[in-house]
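With the hints as a guide, bring the two chains together.
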Amino acid sequence: MINILEVNETNKMIEQEKLDVRTITLGISLLDCCDADLDALNQNIYDKITGLARDLVSTGREIELEYGIPIVNKRISVTPVSLVGGRACRSPEDFVTIAETLDRAARDTGVNFLGGYSAIVSKGMTPNEEALIRSIPAALAATERVCSSVNVGSTKTGINMDAVKLMGEIVRETAEATKERNSIGCAKLVVFCNAPDDNPFMAGAFHGVSEADAIVNVGVSGPGVIKHALEGVRGENFEVLCETVKRTAFKVTRAGQLVAQEASERLGIPFGIVDLSLAPTPSVGDSVAGILEEMGLESVGAPGTTAALALLNDQVKKGGIMASSFVGGLSGAFIPVSEDQGMIDAVNRGALTIEKLEAMTCVCSVGLDMIAIPGDTPASTISGVIADEAAIGMINQKTTAVRLIPVIGKDVGDTVEFGGLLGHAPVQRVNRFGCADFINRGGRIPAPIHSFKN
Amino acid sequence: MSKTIITVVGKDAVGIIAKVCTYLANNQINVEDISQTIVQGYFNMMMIVDTGASTKPYAAMVAELDELGGAIGVRIRCQREDIFTKMHRI
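The listed protein sequences derive, respectively, from chains Z and H. Numbering of the first sequence is given in this note's numbering, commencing with residue 1 and proceeding in unit increments. Numbering of the second sequence is given in this note's numbering, commencing with residue 1 and proceeding in unit increments.
For reference, chain H alone in the conformation it holds in the complex (with noise of 0.2 Å):
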């Protein structure tokens, strides 16, 4: 119930990775798995995280990742997992 996906998309640079997984460590939000690819020099990473044990009311998680992914040049978006296991697993 508690999983949520973290998806990131931008122009490759150094440091993105470290920097939302900062921002998770900061606020108890466990990351389970990391995949990640880079397509025509964009940088496209999926997370799998748990915020079960964070105090981090969602709405608050959402606007400050997504302001992090402003600060860093890239989009970072948040979703419960749900909105895809429903869409494609039956």
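With the rest of the complex left out, here is chain Z (with noise of 0.2 Å):
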């Protein structure tokens, strides 16, 4: 039997360091709702999303209540749009008639973002999905919740660089659209390498075609629990270290399985994976960040850091594996800067640069996340940066992605309010040697050798 030092615990992970559910995300298939009118495409869609999606935010309330788990996001992710659109889509303005009908289904669902705007042109596009990224921008302009993704290589395909080249444009276009609002319309959208079919996670979330019809992930989150538990080990070796990370990860991960599995069955739709992230936010002792610097860092950034954030990521699969019967998504640490008090503390006082943050995406989960930059970064720029990052997914065999934020008209210095989950960030400089004849060559790079492997 349970006994009261065990439901202390729990209670104390919940209230005093931050334990919660980061997102119950509904995946649903909108193949069904293909037509060759745009009209009935729209309405299909909308009534499919509504439909299924009906109870999720109150379902997910229930759980909150009879468990006492926060579970601060109630999210939707459906089929890549560029797939669903194409037949009835005959211009990038039609594209964003989706978005429209997106949004509205996502507001009136109650979910507060909707991920799957998205287009898998990791080889090669269509004209079908060139359209829905060339509407990317005003998409993301017109809509308040939708999120955007595009994959632009894997490890299986290599990388399609025409697609690198259009979306460091689109992601000026989009910074563009929303220069009133600080450009937010990049904190929506994603470039990706190797993008996982069953993330729950925005902005990058979509419902993979290799999924079933409507599904439920959970993403747990936790950083202030692991920080906690590190306080307890101060100047142990690393066997403690990661033993109490794989511990806390794996009873963290526990909590998670839990809620998905309640939510399955009161939805009454399947289970689909627990994606054990760490999952940092702006309020204080929620940070990833913290965690690093727990484990002896002066500040992220300094030398060590990649070495601490690879051993917390692989801690934190190894953990949570067995907590749970199926791991999917991202699984591992994020590391956006705006979203994490600790990482944006850590630019200010000038110790971590993009550089350095490229280096910590080869062992993190994801990517360069949540990354303010000067507003008159050339478009060729950050298609360098994207091409580096899908290179280190591509050749790490992991998920990579981008989330730069060229913010028009502020400059290194500047600081930027996001709000809410988003938070706030430091614009960072960027490196100011150009690429733009390597971008210009067109084509693809080939798939690395040792992703042939039948």
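Please note: incorrect hints may appear among the correct ones.
[Unchecked claim] Just the calculated beta-carbon pair ranges, DEER-fashion: (1) Z/A307 with H/A71: 51 to 61 Å; (2) Z/D314 with H/Y42: 34 to 44 Å; (3) Z/D314 with H/A25: 49 to 59 Å; (4) Z/N3 with H/A63: 23 to 33 Å; (5) H/D12 with Z/G420: 37 to 47 Å; (6) H/I90 with Z/T306: 28 to 38 Å.
[Unchecked claim] Calculated Cβ distances over 12 Å to all of chain Z for the following chain H residues: (7) D12; (8) G15; (9) I16; (10) I17; (11) Y23; (12) L24; (13) A25; (14) N26; (15) G41; (16) G52; (17) A53; (18) G70; (19) I72.
It is worth saying that the hints were derived from the structure and are not from the lab. Every residue gets a Cβ at the ideal spot worked out from N, C-alpha and C, and that includes glycine.
Rendered as structure tokens:
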């Protein structure tokens, strides 16, 4: 039987160390919504989403209340819209109407974000996919809750450099299209390599074509819990350090698994995966940077940071994998800058640069995330950063992503406020040397040798 | 399935257990186990209860116990047992 110490430990995690379930994300396939008529397509999409997700928010609240654990976000991911809109959409403007439908469905179901305004173009782009990509700036400017992602490469296919070039331009255009709101559109646009089909976290969530009609995915969090556990083992060796992270990750993930199963049962929709990511928020004590500093770094960004992050990421996976029947998504540690007060502080004190962040992305679970850069950064430079990240993902057989925000009208030294979970960020310096001739070559980078396993 | 853990934390005072138990009895909620400690003057109690026979909706019970806690100056939480067993038992 459970004892008072265990009960107190769990409740302390929830109340003082900010243990929460970060998101219940309902994945919905829109493939059966396809229609040659644009109005019919939009109606089908709206009806399917609002039908399946009708009880998502209320069910989330119910579980939150009964188990006493906060479920911060309820969200929806859908089939990449480029695959759904193809027959009906003749132009980027047509695609924007779908974005507006998705936004309306998100608002009416009460979710705060809906992901899947996406295209998977890791090897080549169809005309539909290109039209969707070209519609992203207008779509993100016209909507509030829609998130977009584009997968430009994979270990199996190599990197589509035409798409990389285009995405540099699209990121800039999105920044311009939302410049009145600190270019916030870019905070909802992720460029991936090796994007997973079942990621519940925004802005990169979409419901892959390998998935069932509808699925419940859950993302757990809890950087504060890990940090607190590590406070108890200061000065101990790496064996003790790793073991502590692993045990704590196990407990955190068990809470996520429970919520996932409950949500699945109550909604009558199958359980997909638990994504055991440490996702920071801007609030104090909910920081991944805080964990790395607790391990013994004076500041995130100091030598040793990459090693500390590598062990954290690996131990989180090892602890979490036994706690859940299905693990998927991104699973690891997120290192967004604007969403993590410890990261922001490190940038402000001059300890953390984009180059160090790039090194960290080799061992974390995602990539260069929520980084504000000067508004006059050329598109080709953004493409260069995307290409670098995609190469890291391709060669290391892992997911990498880029979510850069070129804030129009802002420069190094300025701070940008995005609000809410998106936080605030100091504008960071980007290497000023150009790479336009490299990006303009066009074509593809072939898949690496170790992808040929057949 | 219907097991619930009620925790009561706050400054020690006369009659805390009595008031909580009266509420539970009035709502057909059976107490199966109680453990209690006082840490640095703070009252800390855990009850395992069975809500199977209660006619009250779960959400109402959570809200009313929270309210009762407010009235007697303690924090009362009411959570399904699974959140603890899943986390601490393999």
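Hint numbers not upheld by this structure, sorted from lowest to highest: none
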